[in-house]
Amino acid sequence: MSKFSMAAQQAASNAQSNAQSDASRPPLSVVRKTAMATHGLKKSYHKGKLEVPVLKGVDIEIEEARFTTIVGQSGSGKSTLLHLLATLDAPDDGEIHYNDQRIDNLPARKKETLRNQEFGLIFQFYHLLPELTTLENVLVPRMVQDGVFRYLGNRRKYRQTATEILELVGLGHRLTHKPSELSGGEMQRTAIARALISNPRVLLADEPTGNLDEENGSEVMNTLQLLRREKNLTIVMVTHDAGMARDSDQIIRLVNGKVAS
Amino acid sequence: MYKFLLSWRYLRTRFIALASIISVTLGVATLIVVNSVMSGFVDEMKTRLHGALSDIEMSASLLSEINYPDYNVEIIRELLKDDVEEVTCVVRTPALLAYKFADRTLTQQIMLVGIDDKTFGKVTDFNPYLQHERKRQQFSFDLEESGYPDTMGISGWAYRRQKESHKRELERLYQEQSNRAVQLQSQFPQSSTEIAQTSYLQETTAPPAETDKDVQLTDGGFQLVPLPTRKAGDIEQAMKNRGSIENDDFKLDGHDPHAHLRAKINPEDMFDPMKDQYTGIILGKAIVTRKDYEGKEHFLIRPGDDVQIMLTTVGDQPKPVSDVCTLVDFYSSNMHEYDSQFAFMPLSELQRTRGMIDPMTQQGSVSTIQIKLAEGADLNACRDQLMARFPHEKYFCEIRTWQDTQRPLLSAVNMELTILNILLFLIIAVAGFGILATFFMIVVEKTRDIGILKALGAPSHGVMSIFLGYGVCLGAVGTGAGILLGLLFVSYINQIAAFVQTITGREIFDPTIYYFSEIPTIVSPLMVVGVALGAIAIAVMASVLPALRAARLHPVEALRYE
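Protein chains in written order, with this note's numbering: chain A, 119 to 379; chain B, 566 to 1127.
This is chain B alone, in the form it adopts within the complex (with noise of 0.2 Å):
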């Protein structure tokens, strides 16, 4: 009984057994909050290294093909059976993407993947990705009416009439400006220049006295401004004179060239930008992204634009080709280094373009074969059972699991992860020889306080326990303190990193260096109880040779002890 009597009476008055609780309490939440931090960024980038890899690939060396690829699939499932549970092919091929904005055409270096669009959803994590709802539940490469995201603004197919009657708007302006200037050409045809003159001169010294309402039009920061009517009965006149102006560009010198094949064209064939889509694209979305200081996405394009997709033929000599494309919507895995890579179109028509189709059989050659394996399959078995039945001196071709493919990675993070415990253990180390300093220094403190337990009886081993009990509680008192600390840091860690973000105005989790847009936690409550158990038993530890020298005092000199 002395003994919770004494622990606890010196644990309440002795200021430096505070400052020992503390520097446990700080270790413990210290490890608490770097493991939870990190197992949670791990599991989540291993979730979406997995997701956009699939589990194993099986693939042709850079810009080489897999042929037959469906006769290899069939092996491939007849291999491992019941381990299979999907299995996708796909053409992987660096390209460049081309697109207009703000009349100028940007160039840009992608990673140009087609997918098989009824499987590939099924062997990766591709369809949650994706920025459309209807298109995330059921996939295609579609360009949607609307439902896109707001941030993009007008999207879709309303943004593409939107953009195309606007287009035709500005070119129905140009042509009558022309004809404008045509008419008033052949009123005056001996003094061209000199009409033109003056017209700009009245434009510049007063308003034009009258203009039709129609012709007024704002678009992008320009300004159309038209030609001042003269006077409206000479125009009327000329027109009379010069007689239809329709089609002139045709009927100039009275003689269509294609009028033969014009005639054969049913208007309902033609390519109608109102109505029709080229082939869809899906592109990352940092690769036409642009954030503002603020933080604010900006779209260079959005989905209902037209983009151009360069990149070279398989085969001995390869040949540049080029491929016009309708962006359908966004990839965003919040893995920026996918997000600013990866476009995905339909694999038949990447196979047309790049020449894989074969000619003799229409059998198309792909790039890389995805497999997706079946739950609590063994990954790397399957691999050596693939890689002895495709082995690389015959087939040319690369087999891996997403593991393999991203080892490097992998690896440094579980590195990291090891030496940043042994790091913070040392911290707890330390705080562990805090105590047992503190603890040396109460027993001196206390010798005389020993000999008199000795005197009145205590045992040897009663006397231990009250030094062995103090760091016990000191451990646990600190440790529990420290759980609650740092499972706080923990569930609040986004906030707190919002909150050091506005004092220091630097960003501390930077999607574009990290992966996620949020700071991932994964509390494992094994951890919890392992740091929980770890610092107890070195605070424990620190108490045991405290607790031995005050057990081995004599009475009799620590009774003479001043």
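Bound-form chain A, shown alone (with noise of 0.2 Å):
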């Protein structure tokens, strides 16, 4: 384990200490409950006149507080099948499960408030926003959730639990950088970051290593384990390496837009 990793396990435990919900998370020894679920989900895309399926009824269950990696080649699905569980896209059929609660057919805003508190998500190209700093960067889950004066009002605390974040992912030095200051390594933990910072219970993650080297990934892939294990986070990652996967609770093929067994 590398350093930075040692002073995230560091970090991640004393983060732990703030999260309010979880007293509330089942203990490890508990018979796994299923966090996510998908029934008969089914999705096409347009291409003019054409229809493209996409998934032609995939199943799954992730079960909570685990690592679970989606892996398939390109164009298998699962990209999809992500955006599909974070609610950034409708299916045309089938259900999706959150907690024993359909989320596939609730309102936008609901399902705002789930893709902003409940689920943190990581992307392939990090997607930071470039005007605002790493700190900042970080603090917009936060200005989403609050209004003006409630942003306001909390700004200390949410501050200070921003700049614990990055120090846990070991950018507490780089808190005032532009994302394009930063390498493509620190990018990425920046948006990790930016995932934690609502204390979220399932963390998406589309290919975060996909665009880092091999050093940059694994240690990316290290945090993440660190933080499933001290967090007590579900982990969802999609991979077209089914080397990632090798670490994962759970892995999931998917081939041609269905599970393959």
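Worth flagging that the hints you see were computed from the coordinates, not collected in a lab.
Check the hints yourself; a few may be wrong.
Computed beta-carbon distance windows for the label pairs [what the hints assert, rightly or not]:
id: 1; chain 1: B; residue 1: 577; chain 2: A; residue 2: 164; range: 33 to 43 Å
id: 2; chain 1: A; residue 1: 168; chain 2: B; residue 2: 1095; range: 48 to 58 Å
id: 3; chain 1: B; residue 1: 987; chain 2: A; residue 2: 219; range: 53 to 63 Å
id: 4; chain 1: B; residue 1: 569; chain 2: A; residue 2: 376; range: 39 to 49 Å
id: 5; chain 1: A; residue 1: 361; chain 2: B; residue 2: 995; range: 56 to 66 Å
id: 6; chain 1: B; residue 1: 995; chain 2: A; residue 2: 272; range: 37 to 47 Å
id: 7; chain 1: B; residue 1: 1009; chain 2: A; residue 2: 373; range: 34 to 44 Å
id: 8; chain 1: A; residue 1: 164; chain 2: B; residue 2: 569; range: 32 to 42 Å
id: 9; chain 1: B; residue 1: 978; chain 2: A; residue 2: 296; range: 54 to 64 Å
Interface residues of chain B toward chain A, partial, derived using beta-carbon atoms under 8 Å [said to hold, decoys possible]:
id: 10; residue: 566
id: 11; residue: 569
id: 12; residue: 570
id: 13; residue: 575
id: 14; residue: 1021
Some chain A residues flagged as far from chain B (calculated, every beta-carbon gap over 12 Å) [as the list claims (entries may be wrong)]:
id: 15; residue: 150
id: 16; residue: 158
id: 17; residue: 160
id: 18; residue: 184
id: 19; residue: 211
id: 20; residue: 223
id: 21; residue: 281
id: 22; residue: 290
id: 23; residue: 331
id: 24; residue: 369
id: 25; residue: 376
id: 26; residue: 378
Nothing here was measured: the structure is a model prediction, and the numbers come from that model.
Idealized CB from N, CA, C, for every residue including glycine.
Both chains are given apart, each in its own frame, so use the hints to dock them into the complex.
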């Protein structure tokens, strides 16, 4: 384990004590509960008049507080599946459940709250806002969550938390840098910090190491593993690289829009 | 919170935003400047037109007359009751003005107005436009001793006396010269031509040996050259021979035909230009002033000079008549149209000269009755009341408010104002489309950011308000700067005009074309607020479409956008 990861481990345990919802989570020894599940999920894209089916009835179950990897070739529909799980997109058919509650037919406002507070999203291309500093990028979900006055009232606390999380991912010295001044690994770690700021229960990662070299990639993977352990996060990662899945608790293979057994 | 932060960051990091702000700024500044100048112009013009014209005029068709004006004034006062503040009667007639300048008689067409010096100043803004301080306070047609503006040079009685004594001095010298000629003639009656020739030759070949010191006089560029004295003894001898030559023109043959009349005249009663003036007349300043290339005014005549007026009598067979008046002051409203036309003299004198006084009743007729209404009286209603009382078919007079009289001018100016506003608002609209285009570009550029925000749970209306806020910011900053710029420009507009004039060498605001010597401005707060709100509204409207587009972006597609 690298120096960074050790620091991260220590910081994670600190951050854990800040999380409000930790007490309500079940201990590890309890029988696994299903965090998310899909039933007969179908999705197709339209290119002009041509209909391209991407998902052809996907049934998966993701267990709580475990590391689940969805592996599939390019075009197998794994990214689409992740977007559907994250409620960024709506399925043509089928259902998505989160904590035994159907979420694909929720009104837009509920979906937004869900994305903002329950899910943390990590993308292959980091997707940071170029005009904002590292710290501000991490604070964006909090800004979205609160109104102006509430945010300004809580600003000190939020900045404190954000700084702690950034220290956890090893970016304590990069708070006021713009994304253009960061390396790929640093940007991805900023994105992870942003995903963690609202204490989500589920971390949805779309090829988080896809754009990184091996060393940076494995550090990101280690951070994710650490977070799962320390914060009891449910992590769903999508990747085309089967090698990345070797440390996962659960592997789902997607072939041609269907789950391969 | 993220909305403000992002709006601000987009504003700060985009140069193109500055361009949009400048376009709004320029539009707003132009609108404010043009509106201020135009409303200042219209207001000033209305004040002057109104001031010179009185509220309501009841006038006989030109060159005819309203008989028994006092009786008609009574009727008007009874009809309009408390709405009337003051009524005055005037006679207006075209006339010719003749005056001497540099030994030439100049003749000019004027509009001669006979005014009642007690009431005229109360009905129209007459007194403030006079040049002499005391006349402004208490008006009269008397020539003042002095105290006219320095630009006129020496004026008033002081000038009149100086001019008269100068004239007398010249006459005296002339008399002396002719006396001397007579003396010489009488001494050498046989060869007077020879003498004249010799003296001429002497004068040109050598300076005169001896001259009387008071004879040499320079005046207006010509010099009176005295005849050289010949032998002093000869002249004395001749004088003795001939006897006294006093009043020789009357006594040449020893008979004065007017001797019996002369005896009856008291020298005190004779008109003496040193002490006496003719009827006072006030001329529009532009009638007798000329401007040189440097813009300096030159007065052809001054208060204290006498002028001649020529006009026709009223009646079925008009006859030309003329009168001599003494110029007592100038009238300068800075409205070129009036200043180059109007001349004022006492009503009774003009009535007498024009034969407007009825020999039976001794009542003078007038051409116009001018009415000033009390504060708050309804102009048009009063006019309509008067029109009903004095129907045109019966009285042959026109009843008009000052607005009716100047309607073509006022409506032209109003139309100009409206069209200018429409055109200028189009400028702001152009700026609005500029903002629209800019915003679309920014939305396209920021598509991925919008996707990110949506993925992080930002609602559509939140994303929309980023760009609306951006528009409001742009509009507000641009408008604020525009108001500042516009107001600065308006307050220094005369200095700016003078500056441009020195650069281009052309007079921008020529008082002979426009009515005023300075560019008048009025900044109405309501107009400024209106322009500001309009500009912000346009900026916001221009940002609505791009903002809507941003709000409707699908997060997955936005994230995939490269």
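A quick look at each hint next to the structure:
1. B:577 <-> A:164: 33 to 43 Å: With Cβ atoms ~40 Å apart, the hint holds.
2. A:168 <-> B:1095: 48 to 58 Å: holds, 55 Å
3. B:987 <-> A:219: 53 to 63 Å: holds, 60 Å
4. B:569 <-> A:376: 39 to 49 Å: Check passed, 46 Å falls within 39 to 49 Å.
5. A:361 <-> B:995: 56 to 66 Å: holds, 60 Å
6. B:995 <-> A:272: 37 to 47 Å: The hinted range 37 to 47 Å holds for residue 995 of chain B and residue 272 of chain A, with Cβ atoms some 44 Å apart.
7. B:1009 <-> A:373: 34 to 44 Å: holds, 37 Å
8. A:164 <-> B:569: 32 to 42 Å: holds, 38 Å
9. B:978 <-> A:296: 54 to 64 Å: holds, 57 Å
10. 566: With Cβ-Cβ at 4 Å, under 8 Å, it holds.
11. 569: holds, 7 Å
12. 570: holds, 7 Å
13. 575: Cβ of residue 575 of chain B sits 7 Å from chain A, so the hint holds.
14. 1021: holds, 5 Å
15. 150: holds, 28 Å
16. 158: About 21 Å separates residue 158 of chain A from the closest Cβ of chain B, which puts it past 12 Å; holds.
17. 160: holds, 16 Å
18. 184: Given that every Cβ of chain B is farther than 12 Å from that of residue 184 of chain A, nearest at about 23 Å, it holds.
19. 211: holds, 18 Å
20. 223: holds, 17 Å
21. 281: holds, 18 Å
22. 290: holds, 22 Å
23. 331: Residue 331 of chain A clear of chain B: closest Cβ-Cβ about 21 Å, beyond 12 Å.
24. 369: holds, 25 Å
25. 376: Non-interface label on residue 376 of chain A holds, nearest chain B Cβ at 21 Å vs cutoff 12 Å.
26. 378: holds, 24 Å
Every hint, counting from the list given before, is met by this structure.
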